[in-house]
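Colleague: As given, the protein sequences belong to chains Z and G, one line each in that order.
Numbering (the working numbering) for the first sequence: 2 to 188.
Numbering (the working numbering) for the second sequence: 28 to 742.
Since the hints were derived computationally from the structure, they do not count as laboratory data.
The reader is advised that the hints may include incorrect statements.
Quick list of the computed label-pair ranges, beta carbon to beta carbon [as the list claims (entries may be wrong)]:
# : chain 1 : residue 1 : chain 2 : residue 2 : range
1 : G       : Q173      : Z       : R53       : 25 to 35 Å
2 : Z       : A66       : G       : E215      : 34 to 44 Å
3 : G       : T198      : Z       : S23       : 36 to 46 Å
When the alpha-carbon atoms are kept at most 27 Å apart in a straight line, the in silico DSSO-like pairs for lysine-lysine are as follows [unchecked claim]:
#  : chain 1 : residue 1 : chain 2 : residue 2
4  : G       : K565      : G       : K632
5  : G       : K435      : G       : K423
6  : Z       : K171      : G       : K435
7  : Z       : K171      : G       : K187
8  : Z       : K61       : Z       : K36
9  : G       : K649      : G       : K591
10 : G       : K565      : Z       : K171
11 : G       : K258      : Z       : K171
Quick partial rundown of chain G residues pointing at chain Z, CB under 7 Å, derived from the structure [what the hints assert, rightly or not]:
#  : residue
12 : L209
13 : L252
14 : T297
15 : W298
16 : P304
17 : D307
18 : G308
Backbone N, C-alpha and C define an ideal beta-carbon position, used for all residues, glycine too.
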Amino acid sequence: MQEERLVAVFSESARAVGSEVSIVADVEAVVDYVKQLTTCLVMVPDFASAKRLDLVSALKASGVALVQEDLRQGAATAAVGVTGANFAFAATGTVVLESTREDIRLATTLPEHHVVLLDPAKILEDDLAAVPHLRSFHQNSPRNYLAYITGPSRTADIERVLTIGVHGPKQLHILLFTGLSNDPLEM
Amino acid sequence: MNKVRAKEYQVRIDHALATPKLQEALHKFGDAFLLAREKAFSQYDFEALRLAIADCKDEVAAHRQQYLEQFIANAEAAGATVYQAKTAADANTYIAELAKSRGVKLAVKSKSMASEETHLNNALKGAGVEALETDLGEWIIQLAGQRPSHMVMPAIHMFKEEVAELFSKVTGSEEPAEIEHLVQVAREQLRQGYLDADMGITGANIAVAETGGIALITNEGNARLVSTLPKIHVALLGVEKIVPTLEDAATIIRTLPKNATGQLLTSYVTWIRGAVPCGDGDKELHLVLLDNGRSALAESPQCRDALRCIKCGACANVCPVYQTVGGHVFGHVYIGAIGIILTAFFHGLDKAAEIVRACIGCRACVTVCPSNIDLENIILSLRETIGHEEGIGLGKSIVFRKVMRNRKLFHSLIRAASMLQKPVTGGQRTIRHLPLFFSSLTEWRTLPAVAEKSLRDQWQKIPQKIEKPRFKVALFGGCANDFLYPELGIDLIKVMNKLDVEVSYPLDQNCCGVPALYSGDKETAVALAEQNIAAMLKDDPDFVLTTCPTCTMALQRDFVEFLKDNPVWAARAEHLAEITVDAAGFIVNQLGAAEVFKGEAVPEKVTYHDSCHLKRGAGVWKEPRELLTTSGLDLVEMEHADRCCGFGGSYSLTSHPDISKQILGDKIRDIEKSGATCVAMDCPGCMLQLRGGLEKQEKDIRVKHTIELLAEALK
Numbered sequence: 002m003q004e005e006r007l008v009a010v011f012s013e014s015a016r017a018v019g020s021e022v023s024i025v026a027d028v029e030a031v032v033d034y035v036k037q038l039t040t041c042l043v044m045v046p047d048f049a050s051a052k053r054l055d056l057v058s059a060l061k062a063s064g065v066a067l068v069q070e071d072l073r074q075g076a077a078t079a080a081v082g083v084t085g086a087n088f089a090f091a092a093t094g095t096v097v098l099e100s101t102r103e104d105i106r107l108a109t110t111l112p113e114h115h116v117v118l119l120d121p122a123k124i125l126e127d128d129l130a131a132v133p134h135l136r137s138f139h140q141n142s143p144r145n146y147l148a149y150i151t152g153p154s155r156t157a158d159i160e161r162v163l164t165i166g167v168h169g170p171k172q173l174h175i176l177l178f179t180g181l182s183n184d185p186l187e188m
Numbered sequence: 028m029n030k031v032r033a034k035e036y037q038v039r040i041d042h043a044l045a046t047p048k049l050q051e052a053l054h055k056f057g058d059a060f061l062l063a064r065e066k067a068f069s070q071y072d073f074e075a076l077r078l079a080i081a082d083c084k085d086e087v088a089a090h091r092q093q094y095l096e097q098f099i100a101n102a103e104a105a106g107a108t109v110y111q112a113k114t115a116a117d118a119n120t121y122i123a124e125l126a127k128s129r130g131v132k133l134a135v136k137s138k139s140m141a142s143e144e145t146h147l148n149n150a151l152k153g154a155g156v157e158a159l160e161t162d163l164g165e166w167i168i169q170l171a172g173q174r175p176s177h178m179v180m181p182a183i184h185m186f187k188e189e190v191a192e193l194f195s196k197v198t199g200s201e202e203p204a205e206i207e208h209l210v211q212v213a214r215e216q217l218r219q220g221y222l223d224a225d226m227g228i229t230g231a232n233i234a235v236a237e238t239g240g241i242a243l244i245t246n247e248g249n250a251r252l253v254s255t256l257p258k259i260h261v262a263l264l265g266v267e268k269i270v271p272t273l274e275d276a277a278t279i280i281r282t283l284p285k286n287a288t289g290q291l292l293t294s295y296v297t298w299i300r301g302a303v304p305c306g307d308g309d310k311e312l313h314l315v316l317l318d319n320g321r322s323a324l325a326e327s328p329q330c331r332d333a334l335r336c337i338k339c340g341a342c343a344n345v346c347p348v349y350q351t352v353g354g355h356v357f358g359h360v361y362i363g364a365i366g367i368i369l370t371a372f373f374h375g376l377d378k379a380a381e382i383v384r385a386c387i388g389c390r391a392c393v394t395v396c397p398s399n400i401d402l403e404n405i406i407l408s409l410r411e412t413i414g415h416e417e418g419i420g421l422g423k424s425i426v427f428r429k430v431m432r433n434r435k436l437f438h439s440l441i442r443a444a445s446m447l448q449k450p451v452t453g454g455q456r457t458i459r460h461l462p463l464f465f466s467s468l469t470e471w472r473t474l475p476a477v478a479e480k481s482l483r484d485q486w487q488k489i490p491q492k493i494e495k496p497r498f499k500v501a502l503f504g505g506c507a508n509d510f511l512y513p514e515l516g517i518d519l520i521k522v523m524n525k526l527d528v529e530v531s532y533p534l535d536q537n538c539c540g541v542p543a544l545y546s547g548d549k550e551t552a553v554a555l556a557e558q559n560i561a562a563m564l565k566d567d568p569d570f571v572l573t574t575c576p577t578c579t580m581a582l583q584r585d586f587v588e589f590l591k592d593n594p595v596w597a598a599r600a601e602h603l604a605e606i607t608v609d610a611a612g613f614i615v616n617q618l619g620a621a622e623v624f625k626g627e628a629v630p631e632k633v634t635y636h637d638s639c640h641l642k643r644g645a646g647v648w649k650e651p652r653e654l655l656t657t658s659g660l661d662l663v664e665m666e667h668a669d670r671c672c673g674f675g676g677s678y679s680l681t682s683h684p685d686i687s688k689q690i691l692g693d694k695i696r697d698i699e700k701s702g703a704t705c706v707a708m709d710c711p712g713c714m715l716q717l718r719g720g721l722e723k724q725e726k727d728i729r730v731k732h733t734i735e736l737l738a739e740a741l742k
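Please construct the entire structure, taking both the sequences and the accompanying hints into account.
Modeller: In structure tokens, the structure reads:
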């Protein structure tokens, strides 16, 4: 019940700020989603739940071109970045990504689409509920780059008119994937 | 007073007033902001949040060294290099030298007000380093060669056509003035910059002592690119950004976006601690902690609350002066009410001296401040400082020090004025035209004539028939009630007598002192406070009533503050504050007597104008409305009912009549739009302004004090 409520609130808040929220059942659905977005280069950094799903092999097997060598140049030309999320919070539709690894940051800043895989079990109530996890990240690792992401990149700097996609991703796609991971400290 | 500086300032005002398009945009923005903000906070307790932020910032201010050391130790342990810059020049030199020593050619920047404060781009240019602003608004003003006119939306003063022109010069082709297209142009043009740059420069919204990390609260995503791609990351931040814990940071993050742009949360909140991986190695992270006047601010008991500021810009958004002239007039680098204070400490009193006077004192900013800063009070104390440093002008000095402090002289001069004014009044109650160099004063507003017989001079002859009074109250009339609108005092007697309250008028009462205080002459204000306390408490009244909310603030708040360390006066000032209450509030709250007027009034469509100091000072706004509706008047709310009317005492008469006129124009439009035939209020100053404006425009709308309407109802 509680999870259902949080998923509902999360989805509503995320959509209100322009995120796409979808439910996916398996890795094939993720591959289909990505293929619908682009025929160009896709970047999938290294993260735990992708490894378990063997997402990279599945994408390759269905013919998706992946960024492999020069990550910086690759990310700059990729159309889609796919990552997991450590956890999320419902009140504002926010996903939280432990982005200390540079490949996570490249995949979530440069491509026009950012696809996030999120286990709905990891949706918390709000920003205050997130603080204990923030503290754990800080305690577990000496250096951190943590990101709250709430919708696509936006600006209102010209005549205060809201415009999407100024520097970061133009679209944020959140794929709710049950059974992916229930550990907020893992992506 | 510095004449050259004052003249340059006036030129800027004239220029801004000649740009109605800007005014229209800022007015619309102010309206939209308030709606979005209210919606964003609908599920949250704003008062609790702002008290928490104030507490947290005060805790850090009280133990500055301890939290600074904790932050630095944790940041260094995580691999950051920390530099403490005492001045703006120190910060600039450090960053420029660092850039030179690392062979940096291009530095990409995300938005940082601290770097605007230090003029970092100039310093980098001097070191042969190109600084590229990547925040859209900052890039626009960089291309235009301007400075920000708003802390959150730096290019709020520009229009899409101007942006298109600037971008066309960059791309070399004609860019259409369509916002979505222009944003795309910026995306494409700036993208390569991130990849090419050797240094990324950001600010920080928060620095967390517990972790040694910083947090950036942004929407565009450029700060994430700036802090990710280049090998070197420099974060320039004021020391006041330090908070103790992650919970404190969360409170600020919960509040700032809602109060800045009406967003529940910005697109990105980025927490960075230490030298994170970058390419094949680690990033080089430099944290430049800027003092530049902040320690001095922390040491100033009158002003230090300003260090609580989280730079949301709301104080500008709601400010009628900002909406009228914009941030290039009402600010230096930092703009709006907080900008006045920060400018004084970061850029020097000289840079703040003119804008200190530009505040009209309406307290709209105080209501929305997320750090619970009493901006108006701090601005008043800065006025006093400048008054000391530069003098308040010979004319004012004579009026306040020699005349006002001597009540008998002051009042006999006013009596003389009532005789001398006859050539211009022709015996009428208002002055429509003034000759010679005074003529501009009556161009847009008539002025009330000084009454032939002041309230104090006719008091003894006004009959009061009460057998057994419930209360004995003393009226503090204030100058306007006494000398301009004595009939208001007579109406008050009528209303109070009906409620079995006997009213006295202590004749030794003098001006409340606010005009002197607002002009920077606190000494006179304190002298007047003592005279008034003695006068009002002499016969030990049950209550002291006021009909002017500015006087109310003086009696309820200022006198106590002035005299709190004076053993002779402190307790008496406290007592006077306790028994002082404005007339409408007294009827509703102390007497519970609104019902006495039930259905007594001849029905009329009335709109209510909230006076700044009544609503946002004394907290009274429901009470007059209750009295009006109970009495049978048809109350229709105007838009922006609690927006200032532009009076502000000497603000409209001498310091900023041209801004006052614009603000009055806004108010008159709102009154007219309401369709009311009468506008009610509880302040003789607002009455003067609105009567003057409506009369000059020949509008058939009555301007009445609530007490006058109640007296009418009893007829």
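Colleague: Evaluate each hint against the coordinates.
Modeller: For each hint, the structure was consulted:
Here the CB-CB span from Q173 of chain G to R53 of chain Z is close to 53 Å, at odds with the stated 25 to 35 Å. Separation of A66 of chain Z from E215 of chain G is about 23 Å and departs from the stated range, judged on CB atoms against 34 to 44 Å. The hint said 36 to 46 Å for the Cβ distance between T198 of chain G and S23 of chain Z, and at roughly 37 Å that hint holds. Restraint check: the Cα-Cα separation between K565 of chain G and K632 of chain G comes to about 42 Å, which exceeds 27 Å; the hinted pair is violated.
Among the hinted pairs, K435 of chain G with K423 of chain G is consistent with the structure: their alpha-carbon atoms are about 18 Å apart, no more than 27 Å. Among the hinted pairs, K171 of chain Z with K435 of chain G is inconsistent with the structure: their alpha-carbon atoms are about 73 Å apart, more than 27 Å. Restraint check for K171 of chain Z and K187 of chain G: satisfied, since their Cα atoms lie roughly 21 Å apart, inside the 27 Å limit. Of the supplied pair hints, the one linking K61 of chain Z and K36 of chain Z holds, its CA atoms being roughly 11 Å apart against a limit of 27 Å.
Pair hint K649 of chain G plus K591 of chain G does not hold up; C-alpha atoms about 31 Å apart against a cutoff of 27 Å. For a cut-off of 27 Å, the pair hint linking K565 of chain G to K171 of chain Z is broken: about 72 Å separates their Cα positions. A hinted pair counts as satisfied when its Cα atoms are at most 27 Å apart, and K258 of chain G with K171 of chain Z qualifies at roughly 26 Å. Hint on L209 of chain G holds. Least Cβ distance to chain Z is approximately 6 Å, under the 7 Å limit.
Taking 7 Å as the C-beta contact cut-off toward chain Z, the hint placing L252 of chain G at the interface holds, the least distance being around 5 Å. Checking T297 of chain G against chain Z: minimum C-beta separation of about 6 Å stays under 7 Å; hint holds. Given hint, W298 of chain G at the interface with chain Z, holds; its Cβ is 4 Å from that chain's nearest Cβ, closer than 7 Å. This hint holds: P304 of chain G has a C-beta 5 Å from the nearest C-beta of chain Z, less than the 7 Å allowed.
Checking D307 of chain G against chain Z: minimum C-beta separation of about 10 Å lies over 7 Å; hint violated. Annotation: G308 of chain G was flagged as interfacial toward chain Z, and the flag is violated, the nearest CB pair being 10 Å apart, outside 7 Å.
In summary, the structure is inconsistent with hints 1, 2, 4, 6, 9, 10, 17, 18 from the numbered list given earlier, while agreeing with the others.
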